[in-house]
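Colleague: Chain residues, written in single-letter form:
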Amino acid sequence: GEDVEQSLFLSVREGDSSVINCTYTDSSSTYLYWYKQEPGAGLQLLTYIFSNMDMKQDQRLTVLLNKKDKHLSLRIADTQTGDSAIYFCAESMDDKIIFGKGTRLHILP
Amino acid sequence: EAGVAQSPRYKIIEKRQSVAFWCNPISGHATLYWYQQILGQGPKLLIQFQNNGVVDDSQLPKDRFSAERLKGVDSTLKIQPAKLEDSAVYLCASSLESLANDNEQFFGPGTRLTVL
Numbered sequence: 062g063e064d065v066e067q068s069l070f071l072s073v074r075e076g077d078s079s080v081i082n083c084t085y086t087d088s089s090s091t092y093l094y095w096y097k098q099e100p101g102a103g104l105q106l107l108t109y110i111f112s113n114m115d116m117k118q119d120q121r122l123t124v125l126l127n128k129k130d131k132h133l134s135l136r137i138a139d140t141q142t143g144d145s146a147i148y149f150c151a152e153s154m155d156d157k158i159i160f161g162k163g164t165r166l167h168i169l170p
Numbered sequence: 024e025a026g027v028a029q030s031p032r033y034k035i036i037e038k039r040q041s042v043a044f045w046c047n048p049i050s051g052h053a054t055l056y057w058y059q060q061i062l063g064q065g066p067k068l069l070i071q072f073q074n075n076g077v078v079d080d081s082q083l084p085k086d087r088f089s090a091e092r093l094k095g096v097d098s099t100l101k102i103q104p105a106k107l108e109d110s111a112v113y114l115c116a117s118s119l120e121s122l123a124n125d126n127e128q129f130f131g132p133g134t135r136l137t138v139l
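In order, the protein sequences belong to chains A and B.
Quick note: the first sequence uses this note's numbering, first residue 62, plus one each step.
Quick note: the second sequence uses this note's numbering, first residue 24, plus one each step.
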């Protein structure tokens, strides 16, 4: 079935690294995504990874993919207050995107 | 480049009333999506258009929801009659082509619907 699981909350101190984890179900997913949603705004694509890759780095963001365990993670280095948002993991399936419920990242001073 | 526009931003109605939402995608984007995002959940696809044709409406509750994209540009989503459980944010997104060609979806700010 279609199910993308992620923890609902994460609290991190400013300047530390944040790691948001996700598991997905469809081993045939071509792309896996991380979206960011700030209050009152739509979703913004942060990054995505093709299923034949195991890592992708983009400035402060690092995505790790373990295809065997169907596990995806997003690491945000040097977390800032502007990173406070809900982060959605998503997988592509049959030309659709299936979203998780989102992880709310809270930044502690 | 202008983003995806949606209106209204907020709507409050009573149950059994009707409501319509409007979306104007990014110019030139062939594919348009409507999502429902219930509080505390991720967005769920309701319907996908490719130009003015429906690609996927398998999760659209067709007894009360309808959507159209007559000229292949902007789109309207209607709920008639509304139920309490329809309270959600309705997100519109667009992309150049379908996901099969790995085109990014761009999301609008959403319409927050409250049904009392």
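Keep in mind the hints are simulated off the structure, nothing from the lab.
Computed from a predicted model, the values in this text were never measured in an experiment.
Among these hints, one or two may not hold up.
To be verified - Stretch-level coverage of chain A by chain B, calculated; a stretch enters the list once three of its residues show a Cβ under 8 Å from a Cβ in chain B: (1) 120-131; (2) 155-161.
Unchecked claim - What follows is a set of in silico ranges between Cβ atoms, one per label pair, in the way DEER data are often shown: (3) B:Glu108 to A:Leu69: 18 to 26 Å; (4) B:Glu120 to A:Leu69: 41 to 49 Å; (5) A:His132 to B:Glu127: 18 to 26 Å; (6) A:Asp64 to B:Ser50: 31 to 39 Å; (7) A:Gln118 to B:Glu127: 16 to 24 Å; (8) A:Gly143 to B:Ala28: 21 to 29 Å; (9) A:Thr91 to B:Gly95: 36 to 44 Å; (10) B:Gly95 to A:Pro100: 48 to 56 Å.
We put the beta carbon where it would ideally sit given N, CA and C, even for glycine.
Colleague: Now tell me, hint by hint, if it's right for this structure.
Modeller: Hints, one by one, checked against the model:
no.	hint	result
1	120-131	violated (count 0)
2	155-161	holds (count 5)
3	B:Glu108 to A:Leu69: 18 to 26 Å	holds (21 Å)
4	B:Glu120 to A:Leu69: 41 to 49 Å	violated (34 Å)
5	A:His132 to B:Glu127: 18 to 26 Å	holds (24 Å)
6	A:Asp64 to B:Ser50: 31 to 39 Å	holds (36 Å)
7	A:Gln118 to B:Glu127: 16 to 24 Å	holds (19 Å)
8	A:Gly143 to B:Ala28: 21 to 29 Å	holds (25 Å)
9	A:Thr91 to B:Gly95: 36 to 44 Å	violated (26 Å)
10	B:Gly95 to A:Pro100: 48 to 56 Å	violated (33 Å)
Hint compliance for this structure: hints 1, 4, 9, 10 are broken, all remaining hints hold.
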